[in-house]
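Participant: Residues per chain, in single letters:
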Amino acid sequence: MKKFFHHLGSMRLTVALLLAAMALVFFGTLDQTRYGIHLVQKSYFESWLCVFPLKADGFRLPLPGGFLVGSLLTLNLLAAHFRYFRPSLARAGIAVTHAGVLLLVVSGFLTAALQRETLMRIGEGESAGWSSDLHESELVVIDTSAPDEDRVVAVPEALLRRESAAGRIELPGMPLKATIRAFHANAPVVGPAMAGSLPGARLAGVDNGLGAGSRLAFAPLAEDFSPNARNSRTALVELFAGDTSLGTWLVNTDLAASMPAQTLEHAGRTYEIALRMKRTHFPFTLHLTKFTFDKYPGTEIPRNFASDVIIRDPREAGERAVTISMNKPLRHGGHTFYQAAFNQGSEGTATTLQVVRNPGYILPYLAVGLVGLGMTIHFGIALARFLASRAGK
Amino acid sequence: MEFAPIRLLRALSAGLLLTVASAHASETFDTRAMAALPVQYGGRIHPLDTLARNSLLLLRGKQTVAFSRAEAEFFAGNPASWTDAQRESFRKAGLPVDDKSVTDALAARPVPLSRSAFGNSLAADAWLAEVAFRPWVARHFRVFRIDNEEVQQAIGLKVADRNQFSWAEIAPGMPRVADASMHASAKQPGERTPFENGVMKLARAAERHRRLSTLTLVPGDLPPGVPPIREYWTWMNTLAAASEKQSANKATGADAALDPTSEKILNTLIERYRDMEANGDTGLVPPPASAPEASGKWSNIGGALLDVMRGRPLGDPPILLLYAEIADAYRTGDNALANARLAALAAAYPENAPGLQPAKVRAEHAFNRLEPFYKGACLYLLAGLAVLAGWITSRRLPLRLAFWTLATGALIHTAGIVARMWIQDRPPVTNLYSSAVFVGWGAALLGLLVERFWRNGVGTAVAAMVGFASLVIAHQLGATGDDSLEVMRAVLDSNFWLATHVVVITLGYSAMFVAGFLAATSLARRALDRTFSEDTARTIARAAYGALAFAAITAFVGTMLGGIWADQSWGRFWGWDPKENGALLIVLWCAVVLHARLGGLVSPVGFLQLLVVGNIVTAWSWFGTNMLGVGLHSYGFTDAAFAGLTAFVVSQIAVIALGWLSPRAPRKEGPAASL
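Each protein sequence line maps, in turn, to chains A and B. Going by my numbering, the first residue of the first sequence is number 1, and it counts up by one from there. Going by my numbering, the first residue of the second sequence is number 394, and it counts up by one from there.
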């Protein structure tokens, strides 16, 4: 046990772990060219174990994941301090530096666990009170019968991916159940005329909604992980009332964004069914009054993007007008809104804000301050000694 | 307020100059005055000189045009004095002896080539005058450098002995190149073949040449005998007639049309100028200071001509008219007239023209001509050679000379950086080019500091090596023809973060290279130099440790400031972007080396070897990550850079291997003998 503790606190382990971290970062960076930052982040840096390259036949190099390296480094650091640390001015710099590193590792874990990034799209002159996820979809069934409020039941994507012809998903508060006949992470939907030209396209073969009316087809493709990929999620969903089938619907994230809702009537109530990017709702709304896009004169080089918005928050008295622009985000209600993108089309101008929630966002600031301070103390003492010894000569 | 006597004096001297000027009709065309004129290009105002230099860099990777002996004889000679034998040799060399427009032009004005030991060449500004004012001559200059043989074949050129071609030579094959380039541009940058990169580059270069020669200073598509001013008069007369008709109609209530010929001319010209306005990328005429136009866009030729319709006379200010007169005087060889018009043009820009800061335009022109980084690099090279001489001869004098040469180089280097900062209103590092300039500067200063402490030449040597190498790299990066003072895209438009994150991290690169090159110097001298003492080895190791400590702090703080910028701008402290990861690698490597040394895991020689590995890590972080082509920090790259990086890595591995040889100096007894 004592020997184990001895090794856990050893400098040799520190160096080995730092080298492992470098290998992880290096190979992770290489894989980003093929699989995009998001997937690499999840599989290399926010995981316990990974292999390079992520997807390939033949030789693959196993690597410790970011979580494993981070935890071992934390243990190593703590053990070393218990073993070696004697309070002294000369060692103070090292202790402060290491405390900062520790805090940085902890904040890394917290960010991985708690940070959520979503996108909010607002048209000019419109308001929005929700944002949608970039990577995750959800199946929603909405009871729109009541005049003043909708009842929404959302099925998360993880459940959809476990598609099974037999399993029935309960929709709480509704007399309906859903069976996922098929789920495709990336399958664009096309009309029957286009189906022939798209390799692998097949008719949806559904008997309800848009898919049946327009005889839609879809073409399953490999999920695209490149940075700007837009995957078109598609599912075939059969709804049941008790054991009676109400029919099968084709639902797709692009359809949900561009076409009128697919509805069904059952037992005197009206329901909508859709597959859409997962939504986060806020207790306030943002109203876009104006979007501006400046270019450098005589060029197409962007100079600035800015959204003038009004915050309407029932928890605050009155409204508040703010401008969100590049390098100038809005922080409100625990969320931060950043200018991310925009659309200028025939339907008017819309801005896209990136919405980030990260309760631990202050930690890295503290950590960086500590490490900077610690290193300055440590090397400052060394420098002072060196200068003193030269002066003494 | 200006005092009347001064004004009088000025008027007198101006008159004096004018008389002197007309008395010397043989004076030369003032290319430099022309090069100093301001234009708006790529979103900023800069002297024409910058456009000329960057265009030549884009076309052929150099700031001048080289001429073979036959070409020089042809273009700088007077056709009237050519012998038949000469004509025959010109014809053999593929020169347009029988093109009357060329020979007439040369008779009026030979091309102003300059002759030096390196051959005949044409300066960038003189080349621009030729391209803009006499495109029928300039189309025969071999300014397009095409290295890829497949591309040469695609244009239908089967010349084995050169890789430089003229517009006249490539023009017939350009439709195919444009086609291939369009296909290539649809591909991801990383997936393009060398051929595809080659055609894309050639298509860009050809487009630049086309715009310079047809729609930059004067409309260049008119026949050689038609002065541009004649087109302008036609335009203004037709417009005047049309507006006269219009007001007459208004008075009488009639609906009389223009006569059919004028109507046709008017419509043709409007269409022509719309086209020129849309395609021209060089702004010549500043908007009126009173205009509320927020964009601050300067009008190009087409725009300025259309502005007449929008109620702005062509003579307000008379920039277009003066350019047209200069072009005409240039063609007829009337230098006195051309120079007088150039002087008038320089004075024609309103003082409060939007975006125009005359002092900065002048400064940029001077900066271009003085080439401080080139001079700095030369001095660094000299300093490095002087150190070597000092070590070989074991004398102090060359070392002292080296130190002061290096210090002078660093001073010039500093002046260049400060000038760029002032011209651009930006912190010193804004793109890859300026990062190379700054890495060398930081290393030179650190090296000087090391030299002040130990005075054994090592600091000077390292400063000279890193300073020279990084300025050479900067030169190579600048040779793509992209504007190195380019405007900053929206995300990067933050002087505060550029000044903190980018500058600190770049200093980190400098310190890493200083540590690594100190170590490399030590390893090399240990293996090769009989006189290399253990004392010297120990001092170098100490200096290297100091540089490493500085690198650790700056790399860490710089990287984390980047995180803070990212958090402020995009809401994520850390986004695992390749450039961030590269910076993190440097930080981690510093930690590895510091812990390995502190924990006694490496021998003193091993410590030096680890520092040399640090050079590889830093080079990867600096350049390698840009080659991946992903993330916010990827700003484009070339195949040549990849070869360069590989060569550097191999050289560093060789230096590391030197550490495994036994020391060349005779061993002494004692525990430190292993160093």
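Some clues are possibly wrong.
[Stated by the list, open to error] Derived CB-CB ranges, DEER-like: (1) 778(B) with 113(A): 55 to 61 Å; (2) 345(A) with 614(B): 55 to 61 Å; (3) 884(B) with 62(A): 34 to 40 Å; (4) 587(B) with 388(A): 19 to 25 Å; (5) 576(B) with 193(A): 40 to 46 Å; (6) 999(B) with 75(A): 55 to 61 Å; (7) 587(B) with 12(A): 55 to 61 Å; (8) 198(A) with 618(B): 28 to 34 Å.
[Claimed, not checked] Covered stretches of chain B, as calculated for chain A (at least 3 residues, CB under 8 Å): (9) 495–508; (10) 619–627; (11) 689–698; (12) 872–883; (13) 968–975.
The hints are simulated quantities; they were obtained by calculation from the structure and are not laboratory data. The model shown is predicted, which means the values in this text are computed figures rather than measured ones. Where is the CB? At the ideal position from N, CA and C, for every residue including glycine.
Participant: Each of the hints needs a verdict: does it hold here or not?
Facilitator: How the hints compare with the structure:
1. 778(B) with 113(A): 55 to 61 Å: Since the Cβ atoms of residue 778(B) and residue 113(A) sit about 58 Å apart, the hinted range of 55 to 61 Å holds.
2. 345(A) with 614(B): 55 to 61 Å: Since the Cβ atoms of residue 345(A) and residue 614(B) sit about 36 Å apart, the hinted range of 55 to 61 Å is violated.
3. 884(B) with 62(A): 34 to 40 Å: Check passed, 36 Å falls within 34 to 40 Å.
4. 587(B) with 388(A): 19 to 25 Å: violated, 59 Å
5. 576(B) with 193(A): 40 to 46 Å: Taking Cβ atoms as reference, residue 576(B) and residue 193(A) lie about 28 Å apart, which means the hint is violated.
6. 999(B) with 75(A): 55 to 61 Å: Because 27 Å falls outside the window, the suggested range is violated.
7. 587(B) with 12(A): 55 to 61 Å: violated, 46 Å
8. 198(A) with 618(B): 28 to 34 Å: violated, 59 Å
9. 495–508: Contact hint for the segment 495–508 of chain B vs chain A: violated, 0 residues under 8 Å.
10. 619–627: Since 0 is below three, the answer is violated.
11. 689–698: holds (count 4)
12. 872–883: As far as the segment 872–883 of chain B goes, the hint holds, because 3 residues have Cβ atoms under 8 Å from chain A.
13. 968–975: Held - the segment 968–975 of chain B has 6 residues with a Cβ nearer than 8 Å to chain A, which meets the minimum of three.
Going down the numbered hints, you'll see the structure goes against 2, 4, 5, 6, 7, 8, 9, 10, while the others check out.
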